[in-house]
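Use the sequences and the hints to build the structure in full.
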Amino acid sequence: MLAKNEAASRVDQVVRETIVDLLDEQGLDNPGVEDEAKLVDTLGLKSMDIAQIVLVLEDELDADPFQEIPITSVRTVADLINAYRVALDPTSAPNAQSDENPVPVAGAARRANRRR
Amino acid sequence: MTQEQQSSPVVVISGGSRGLGLSVVNKFLAQGCRVATFSRSKTAEVEALEDKLGAGSTGQFMWQQVDGASEQDVREAVKTITRNWGRIDTLVNNAGTGHDGLLALQRMQDVDQLLDINLRSAILLTQLCSKSMIRNKSGSIVNISSVNSVRGHSGVAVYSATKAALDGLTRSLARELGPMNIRVNSVAPGYFESAMVGELSEAAKKRIQRRTPLGRLADPDEITEAVYFLASQQGSFITGQTLVVDGGLTC
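Protein chains in written order, with the numbering used here: chain A, 1 to 116; chain B, 1 to 251.
Hints were generated in silico from the structure; no laboratory data involved. Don't be surprised by glycine CBs; every beta carbon is placed ideally from N, CA and C. Incorrect hints may have been included.
Cβ-Cβ distance ranges computed for the label pairs, FRET-style [claimed, not checked]:
(1) B/Gly54 with A/Lys46: 37 to 47 Å
(2) B/Leu200 with A/Ala63: 45 to 55 Å
(3) A/Asp21 with B/Leu200: 48 to 58 Å
(4) A/Ala63 with B/Val197: 43 to 53 Å
(5) B/His153 with A/Met48: 35 to 45 Å
Below is the structure:
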C-alpha cells in the first residue's frame, strides 16, 4: 500500500512540475496548479502546450494514457493526474470528472461549423 | 560511429529497400545523415549498405524488418530508432502499394490493404515521429503522394484516394505543427522508372511519354532531389505544399 501511495504521489508531483515548467517556458502566469485548476481556462494552455506536457510525461512516467482515453476528457489538473494514475495502476478508482470545458482540439469549433 | 555521425540528423524513410525509397536513402546518407529505414524484406541493396556502413544502430544506416500494415511493427521500429539514436529530425513517408482495377470489381480486402499501408501506416508513423520532433521543436516531414492525387485516372480510384488523403494530412499537419518549427510537405511524382510503372504495357508507357511535355519518364533520382529539397534547409520556408514532379504531365 505504501509503495502504491508513493507511486501516486510521484505521479502527482511530476505532472504538476511538468505543467509549471511549461507555463514558465511559455511565459504564462502561474495562478497555481491546484487540483481544480482548469488547463485551458485557468492556466491558459493551448492544445499544443498540452501535447508538449503529454510528451514530457510520456518520457518521465513511461505511460501514454491517451491511447486509451480521449485527451478531450481531461479538463483540470486533477483529471490529468488521474489519467496517469489509472494508466500506471488500473486498479486506481477513477475520480469523477468535472463539468468544466474540456481541452479543446485546435480549431474544433471552426471545423465543426464547416462539416456537412 | 564517429563523433560527427553521432550528432548528424536522423532521417526515417519508410519503404527504403528499393525504388524511390532506396534512392532517397542513398541521398540522405550521401549528405551525412543517419538513416533508418524499414521494409518487409531485405534486398541486396540494403545488404550492400549494411556491409559498407555497418548494420544497426552502431553505423550510419539502420534497416529493420517491418510489415507496414502492422501497428505493433511500426511502433517497435520507431522505438528502436529513438532508443538508439535519441531523436528523429526528418521523416519521409514513402512506403506504399498499388492495386489497379475498376472500383466496381475490386475486392474489399485489397481496398483495406491500400488504406492500411498507404494511409493508416503513414499516419501512425507520422504521429510517432512527430512526437520526437515536437520535443525538439524542429523537424521536417515529406509525404510521397502521386499525380493521381491531383488528377483523375481510371483504374486507380482507391490509390488516388489514399494519396489525396496524404495531401490533406500534409496541409492540416503543416498548420498544426508549424508553430513547433516542424514543416510538412508532399511530393507528387509523375511516372518514373519503378516496379509500379514496370507493370504497365509498353503501349501505356509510350502514351504517358507522349502526354508528358518533357517527353520521358523520370529517373527516381529526379524525384529524390525534390524530396531532399523540401526536407532540407533549402526548403526552410516551405510548408503545407504539394510539389508535383511530373515532367509537366498535369500542367
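_Checking each numbered hint in turn, tell me which of them this model violates, lowest number first._
Of the numbered hints given earlier, the structure breaks none, since each of them holds.
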